[in-house]
Amino acid sequence: MPATYENIATTTVGTNTSEVEFTNIPQTFTDLIIVRSGAQGGNPGNMSMQVGNNSYDTGTNYSGTQLYGNGSSAASDRFSNDSRWYINYNNSTGQTISIYQIMNYSNTTTNKTMIGRNSDGTWYASAYVFLWRSTAAINRVKLYHFTNNILAGSTFTLYGIKAA
Amino acid sequence: MIGNLLAGMLNKGAAQGDYESIATLSVGSGGAASIDWTSIPSTYQHLQIRAILRNNRASSETDFMRMRFNNDSGNNYFGEHILQGNGSTASAGANGVSTNNATIYPITASTAGSNRFAFLILDILDYASVNKNKTVRYLSGYDNNGSGEIRLGSSLWMNSSTAINRITITPAFGDLVQYSHAALYGIKG
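For the record, the sequence lines run as chains Y and W.
Here the first sequence is numbered in my numbering, starting from 232 and rising by one per residue.
Here the second sequence is numbered in my numbering, starting from 14 and rising by one per residue.
For the record, the hints were derived by calculation from the structure and aren't laboratory data.
A hint or two may mislead.
Unchecked claim - List of simulated lysine to any residue pairs, SDA-like, C-alpha gap at most 20 Å:
hint, chain 1, residue 1, chain 2, residue 2
1, W, K145, W, Y192
2, Y, K393, W, W50
3, W, K201, Y, N238
4, Y, K393, W, L38
5, Y, K393, W, I134
6, Y, K393, W, V110
7, W, K145, W, V110
With the hints as extra help, turn the sequences into a complete structure.
Below is the structure:
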């Protein structure tokens, strides 16, 4: 009997890389959780994500709303009609811990919602809600850095949660 | 670029029974007036609710929900404390001293874009304790491609002597619509 909360796949970056993918994601779970512990190359830039069904959606079908604290104040912003999710803006090379949860990813009736939490000891603490304006099931996820690299030693783990 | 990972080849499941699905509501074409989980076993340490929700409140992008435990309708709840971002402003607030329910914001309603549901991840730690008041924390929100909000909230059921065995969540206006989905999980300590 499969576990309710299951580790689907894990990768540890061996050499600096621009992107990490999870493909052929089984459609047997209810929610997906991606846990990231890693760092990125210098210069400010956005970690980004695209999702899709057999191919990545590169259309302007992504949007999100953010709540964050920068050590002196709390603020909120959003992006709309974009070709990717901005999942973590980071102006440092410090370690960032992130958890992204894609709700009901395998249904073919609702637009897809993802929740993100990021913790960076030297930059922001943030929470996001994201929308992918598609009713397609998600069977692939790509996380990538828009302007720099994901550094060696970063780890990414994909979990599935299955409701009764 | 890292080579593709064939998800599913690594099957390192968590220990059986640590995180278990207790019950699930999937709303059909007739809608649902509430989420009502009864006879919740006391064999777990914590509970988690994971949901996507939308209702048919007319002329509104959002609605909120009322939550009660064990059918307690007395003024035994602190409604909520929240930290919220609406895409332009972060704000904090509190609502409902000694009210007859806890509140959860938001869920999407009729004027939100079609097929767009709000999410809710709600935790009740030590729900079965007979020595503690029951604290709820939640992360909720929705994005509507140009509007939306994300919220961190907490609320309190001021009953320290009774384990939670029933959770009822009701939209303030209207019914939950088809494809709303709510799952209750138990986590063992």
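Tell me the numbers of any earlier hints that the structure contravenes, in ascending order. Checked against the structure, the hints that fail are numbers 1 and 6, while the rest are satisfied.
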